[in-house]
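**Student:** Residue numbers (this note's numbering), protein chains in the order written: chain P, 219 to 560; chain S, 5 to 218.
Careful: at least some of the hints might be erroneous.
Claimed, not checked - Covered, in the sense of this in silico footprint (three residues per stretch, anywhere, with C-beta under 8 angstroms from a C-beta of chain S), are these stretches of chain P:
| id | stretch |
| --- | --- |
| 1 | 256-267 |
| 2 | 380-388 |
| 3 | 524-532 |
Stated by the list, open to error - With a straight-line cut-off of 30 angstroms between C-alpha atoms, the simulated DSS-like cross-links for lysine-lysine are:
| id | chain 1 | residue 1 | chain 2 | residue 2 |
| --- | --- | --- | --- | --- |
| 4 | P | Lys439 | S | Lys126 |
| 5 | P | Lys381 | P | Lys452 |
| 6 | P | Lys452 | S | Lys199 |
| 7 | S | Lys199 | P | Lys381 |
| 8 | P | Lys314 | S | Lys151 |
| 9 | S | Lys203 | P | Lys364 |
| 10 | S | Lys126 | P | Lys381 |
What the hints assert, rightly or not - Among the chain P residues that face chain S by a calculated CB cut under 8 angstroms, a handful are:
| id | residue |
| --- | --- |
| 11 | Val342 |
| 12 | Ser362 |
| 13 | Asn403 |
| 14 | Asp499 |
| 15 | Gly500 |
Just so you know, these hints were derived from the structure itself, not from any lab. Nothing here was measured: the structure is a model prediction, and the numbers come from that model. No residue lacks a Cβ here, since even glycine has one placed at the ideal position from N, Cα and C.
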Amino acid sequence: MPAVIRTILPFSLVLLGLAPQALTADKADAVTVLRKEVAGRGFVVTSVKQPRGDWDLVLMRPDGSQRRKLTDTPKWSEAAPRWSPDSRRLLYRRIKTGTVISHDRWGFQGELVLADALGRNPRVLGARPWGCWSPDGKQISCLSLKGIEIIDVATGTIRRRMKRAGYFQQLFWSPDGKWFCGTANVGGELWTIVRMDVTSGRWSVVSRFRNCTPDWFPDSKHVIFSNRPANQAKYGWTQLWMAPGDGSSRRMIYGEDGRHIYGGALSPDGRYVLFTRCPKDGGGSERDGAPGGLMRLADAPIIGGKSPALRKQHPDAHDGPVLPLLDCWEPHWTFVDVTASR
Amino acid sequence: MSRPPAEIDSEIMSDKLDPRPDPAASNPMAAESSASIPEKSSGTRASGSENTMVRWTLLGLVILATAGVGLAIQMKFTPAGRYGDGGQVTTAGSVEVTATLVELPGEFLPNDGLYNYAFVLKYKVDLVHRGETTGDTIYVAHYNPRKPRGKVADEFYADLGGTVTRFRAGDAQRMALTLPLDEHYIGAIVDRYHKIDDKTVYWAIWTNATGSGW
Chain P
219 MPAVIRTILP FSLVLLGLAP QALTADKADA VTVLRKEVAG RGFVVTSVKQ PRGDWDLVLM
279 RPDGSQRRKL TDTPKWSEAA PRWSPDSRRL LYRRIKTGTV ISHDRWGFQG ELVLADALGR
339 NPRVLGARPW GCWSPDGKQI SCLSLKGIEI IDVATGTIRR RMKRAGYFQQ LFWSPDGKWF
399 CGTANVGGEL WTIVRMDVTS GRWSVVSRFR NCTPDWFPDS KHVIFSNRPA NQAKYGWTQL
459 WMAPGDGSSR RMIYGEDGRH IYGGALSPDG RYVLFTRCPK DGGGSERDGA PGGLMRLADA
519 PIIGGKSPAL RKQHPDAHDG PVLPLLDCWE PHWTFVDVTA SR
Chain S
5 MSRPPAEIDS EIMSDKLDPR PDPAASNPMA AESSASIPEK SSGTRASGSE NTMVRWTLLG
65 LVILATAGVG LAIQMKFTPA GRYGDGGQVT TAGSVEVTAT LVELPGEFLP NDGLYNYAFV
125 LKYKVDLVHR GETTGDTIYV AHYNPRKPRG KVADEFYADL GGTVTRFRAG DAQRMALTLP
185 LDEHYIGAIV DRYHKIDDKT VYWAIWTNAT GSGW
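So that you can see chain S by itself, here it is in the shape it has in the complex:
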């Protein structure tokens, strides 16, 4: 794979032409001086109050670091938050709803990465956060529904995502949607509601689980 020229340049620089001067190489005195620091410090006895301050500072830093890591882990694994408002759900598409999946109309097709398709699901709208819907019941096409939404984006549909890992009837999901479907998706569609005339099918861009409720 080709890389950006800048990246290649920086690698060459770091391998062969490190622009930073090597103090030890350019100034023999500097090397001598740095080597002598431990000897000097070992010969100096720090006062008790200084030791205490250093310990408290270190403890504070450890606590801060631990809290930071904990927060990062929580954000990573619950990006949608309690209300499913994480990721691109509040900005993507033209409509944002929290809706309950009414049913699974038969099994999804196998999806081993070979055949890709969108599957139409039926939802009852619980809350419209942004834009307008065509009614209380909406139909939403989800790309490759067997895949967790966090892994569904590919080279053809790079902007898809979300936290839903599987679709289950009765689950509430917060979704960023767009219309019309055929201006945003060109591919196979499995529509087991195809006999319903004149229905509007939304394209799901972002689909989050809503956690304990919306």
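Pulled out of the complex, with its shape left as it was, chain P reads as follows:
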């Protein structure tokens, strides 16, 4: 062995040994940076399963700090909270404790409740399936067998009724008020994300085959949704995807073999993404919630864990950073300081 190699080899081996540690440290640093970046950016509200069996609403900073309960009701589960566009009020569902909350049909369960931004002074609005805020917060849209109904919040009267055009769950109104998105039956395709023009009722496909839980980006031009692509072995894993409203393209935001990704929600500026990572499909709501995560949209696509098969399909994906959050379900984010007295 030449002398040069004999001299370099030990150093090289030492460097190789240190490399994984350095990478881990880099990853931890990146998560710390992300944590600091989002810590002061408003609040997140989410449902958290309690040891006694019910779900309560929990408020926290986006980094998971300053956690506190907004509801504490052993006989009821509070689910799927959403602040009004001005963040002064909160809509959520109230479901009897003991009821298994369906991960994709929760909007048909229990009753819709309107409260102030911190869950105080709750007012039960009735069944109101899939109740969702209008952009001005004066109306809510609902989806039921009767079709899509636009209901006046103040009076409870139905202002408008439309055919549901195949929508069967998870109807959400775009922030600009022009569109609905939701999960629909289209032809023989299963669980298709569809966008509908609120005025004309015309609709188009955003993403076909095995999609659900869509929601709008703040720009009203893109939709975030969960998708379990067909190009996987056996049952496969549900990933978080995004697409423009016209369905012209789509791309993965986060995926991880061994985890089903649901609860996709954007920060109000569209720069960050919240989601949950559940080892069992549906386990987010039907069991005890799932570990939450927060990432920058600019870092997408991110692949978590080893996920060798997924990495082959997305060779340009990043490893992170993903800020881990508590076990939760259906998080929602506001930049408004909802704790300040107004």
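Keeping the supplied structure of chain P fixed, place chain S upon it in accordance with the hints.
**Tutor:** Frame of chain P; chain S shown alone:
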């Protein structure tokens, strides 16, 4: 789980405040008298004709009880009867037919209770019992088709039922149906006949097996 107040009240009553008087507690003589009955009866010899009558009565009661149990078991396990007319099939929905399942258009999706869906099946109508059909061939959406009809009802669709345990091509079934589908069912639909334009799809409320035939 909360219970109705009346149920809770009755339980409290039975545990603590039994309204029925206890004869032994309220009347010491009653306790003495009841305890003495066996002694009195053992000291009385019944006649042979009385014994025979008692035996025949007992035998009659046993026969009646056995027949009753047998009938109940038969009703439980063959509620549809020979013609599949049991349960709600004669009253539910607006249309009642006996029809033969033409084919299974591919496999049903997995159904582990996580994802729920309706699956469209094609039938040839054999007999219209009630209402009118759109033709000799009808399309029927069945909720969660992997489940036996007797176990398919859930919190979202509580009125479903029937005796069919699995769907097989060639089987005749008596069904209570309704229209339009989208006014009775809101959920995922697997429709492998979706390329057939303008077809009417019925919603199956009750689906019975017809046994040996209709």
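**Student:** Run every hint past the structure and note whether it holds.
**Tutor:** Verification of the supplied hints:
Remark: the stretch 256-267 of chain P is not confirmed as covered by chain S, as 0 of its residues place a Cβ nearer than 8 angstroms to a Cβ of that chain, below the required three. Three residues within the 8 angstroms Cβ limit are the bar, and the stretch 380-388 of chain P against chain S gives 3, so the coverage statement holds. With 0 residues carrying a beta carbon less than 8 angstroms from a beta carbon of chain S, the stretch 524-532 of chain P misses the three-residue requirement, and the given coverage is violated. About 40 angstroms separates the Cα atoms of Lys439 (chain P) and Lys126 (chain S), which puts this hinted pair outside 30 angstroms; it is violated.
A distance of roughly 37 angstroms separates the Cα atoms of Lys381 (chain P) and Lys452 (chain P); the hinted pair therefore is violated under the 30 angstroms criterion. Restraint check for Lys452 (chain P) and Lys199 (chain S): the C-alpha separation of about 28 angstroms stays at or below 30 angstroms, so the hint holds. Simply put, Lys199 (chain S) and Lys381 (chain P) have alpha-carbon atoms about 22 angstroms apart, close enough for the 30 angstroms limit, and the pair holds. A hinted pair counts as satisfied when its Cα atoms are at most 30 angstroms apart, and Lys314 (chain P) with Lys151 (chain S) qualifies at roughly 26 angstroms.
Taken as a hint, the Lys203 (chain S) and Lys364 (chain P) pair is honoured in the structure, with Cα atoms around 21 angstroms apart against an allowance of 30 angstroms. About 26 angstroms separates the Cα atoms of Lys126 (chain S) and Lys381 (chain P), which keeps this hinted pair within 30 angstroms; it holds. With a cut of 8 angstroms, the hint placing Val342 (chain P) at the interface with chain S is violated, because the nearest CB-to-CB distance is about 17 angstroms. Look at Ser362 (chain P): its Cβ gets to within about 7 angstroms of chain S, closer than 8 angstroms, so that hint holds up.
Because the smallest distance between the Cβ of Asn403 (chain P) and any Cβ of chain S comes to about 5 angstroms, under 8 angstroms, the interface hint for this residue holds. With a least beta-carbon distance of about 6 angstroms to chain S, the hint placing Asp499 (chain P) at the interface is held under the 8 angstroms criterion. Residue-level restraint check for Gly500 (chain P) holds (minimum Cβ-Cβ distance to chain S is 5 angstroms; threshold 8 angstroms).
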